[in-house]
Amino acid sequence: MHWVRNGAIALAVALVGAVIWIGLQPQAPELPINTRLGGAVTLTDQHGESFNTAALEGKVTFLFFGYTHCPDICPATLARVTQVWKNLRKAGHGDDTAVVFITFDPARDTPEHIRKYLEFFDPNIVGLTGSAEQIQDAAEKYGVVFIQEEDETGVEGEESKGLFTHSDFIYLLDQQGRIRKLYPSNGDIQEMVDDATSLL
Amino acid sequence: MMLLHYFNAFLVRAVLLFLCALAMPVLANEPAISIENAWVRAVPPVSATTAAYFTATNNGDAAIRITGVSTEIAGAAEMHDMSPNEDGTRSMRRMKTLTLAPNESVTFSPGGMHLMLFRLNHVPVEGESVSICLLADDAMEICQDFVTKK
Ligand SMILES: [Cu+2]
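Here the protein sequences come in this chain order: C and W. Counting along the first sequence from 1, when you hit position 128 you're at 128 in my numbering, and nothing is skipped either side. Counting along the second sequence from 1, when you hit position 1 you're at 1 in my numbering, and nothing is skipped either side.
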């Protein structure tokens, strides 16, 4: 009967060890659900098709606003989020994740122009444009502020006309389309990968 | 002995003076501003604008006022700064001039000060080098090759 007792002790030791080991794992606190912002929006994608972001339910999505004539922040954000997506794909999460870019410059960002622009980063990024009302609605839902520089002859000079002053957060949406986290446009790539993975 | 000593000291001074005179034109030719880490952001071929970044140091002993930017690949180029607003947005503001005090160094970097290149007539590809010139007072022109990077 000795082996039974020894076996039982060994099992108990293993169980206790396992419990301690699990307890010691860094447990990331669950990302809170933002109940104030977000929601599905209907716009037009880069192929000219109507696109409702509810179609992304079931996927963890990175969403952000910008415009293609943006010289500094927007291309950097696109490059960053593209890298995040690449890393997620490498980890086998390519089919469970998505990236969405919404323009607030529909006059210049036609579906065709957005398609060409996004090809440089990743043609699978969903690029959305729409009517001024649709874009305003989307921006309001996500708490995005954008103001186009109007002055032609003002102190800012002719060239600044058409530039936007805008908020530049990156939103992490869970599989139900709820906002779970906001990142600055220069957010940490590994942090975004880890957060997205935690929602899958 | 005393005399020889005096003569040696004189010789040393003469040699030093001579070397200084030799070095003078070299120093004068050296640009007072040095530019490092110069790069242009690689953007999609359909882009109309891009931005460029660098670190500039004034090595001279007089202040230098930068008054403009020019490059062949853009219809216009400007110095910009980026400043946060109360509502969480950020605004780009044109800087018409930028003065560098002696020994002062400034860094243009993403999300901060940057060179804006408007109306691109050529969109440089990754790895391509682009000449961009900073214009300063007294018709000084400081041109530098900027490498195109993502
Ligand atoms: Cu700018």
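These are computed hints drawn from the structure, not numbers from a lab. All values reported here derive from a predicted model rather than from experimental measurement. Some hints here could point you the wrong way.
[Said to hold, decoys possible] With a Cα cut of at most 27 Å, we get these calculated DSSO-like pairs of lysine-lysine:
{"hint": "1", "chain 1": "W", "residue 1": "K96", "chain 2": "C", "residue 2": "K90"}
{"hint": "2", "chain 1": "W", "residue 1": "K149", "chain 2": "C", "residue 2": "K86"}
{"hint": "3", "chain 1": "W", "residue 1": "K149", "chain 2": "C", "residue 2": "K90"}
[Unchecked claim] Simulated coverage check for chain C against chain W, where a stretch passes if three residues somewhere in it have a Cβ under 8 Å from a Cβ of chain W:
{"hint": "4", "region": "32 to 40"}
{"hint": "5", "region": "43 to 57"}
{"hint": "6", "region": "135 to 149"}
Glycine included, C-beta positions come from ideal geometry on N, C-alpha and C.
Cross-check of the supplied hints:
no.: 1; hint: W/K96 x C/K90; in the structure: violated (46 Å)
no.: 2; hint: W/K149 x C/K86; in the structure: holds (18 Å)
no.: 3; hint: W/K149 x C/K90; in the structure: holds (23 Å)
no.: 4; hint: 32 to 40; in the structure: violated (count 0)
no.: 5; hint: 43 to 57; in the structure: violated (count 0)
no.: 6; hint: 135 to 149; in the structure: holds (count 3)
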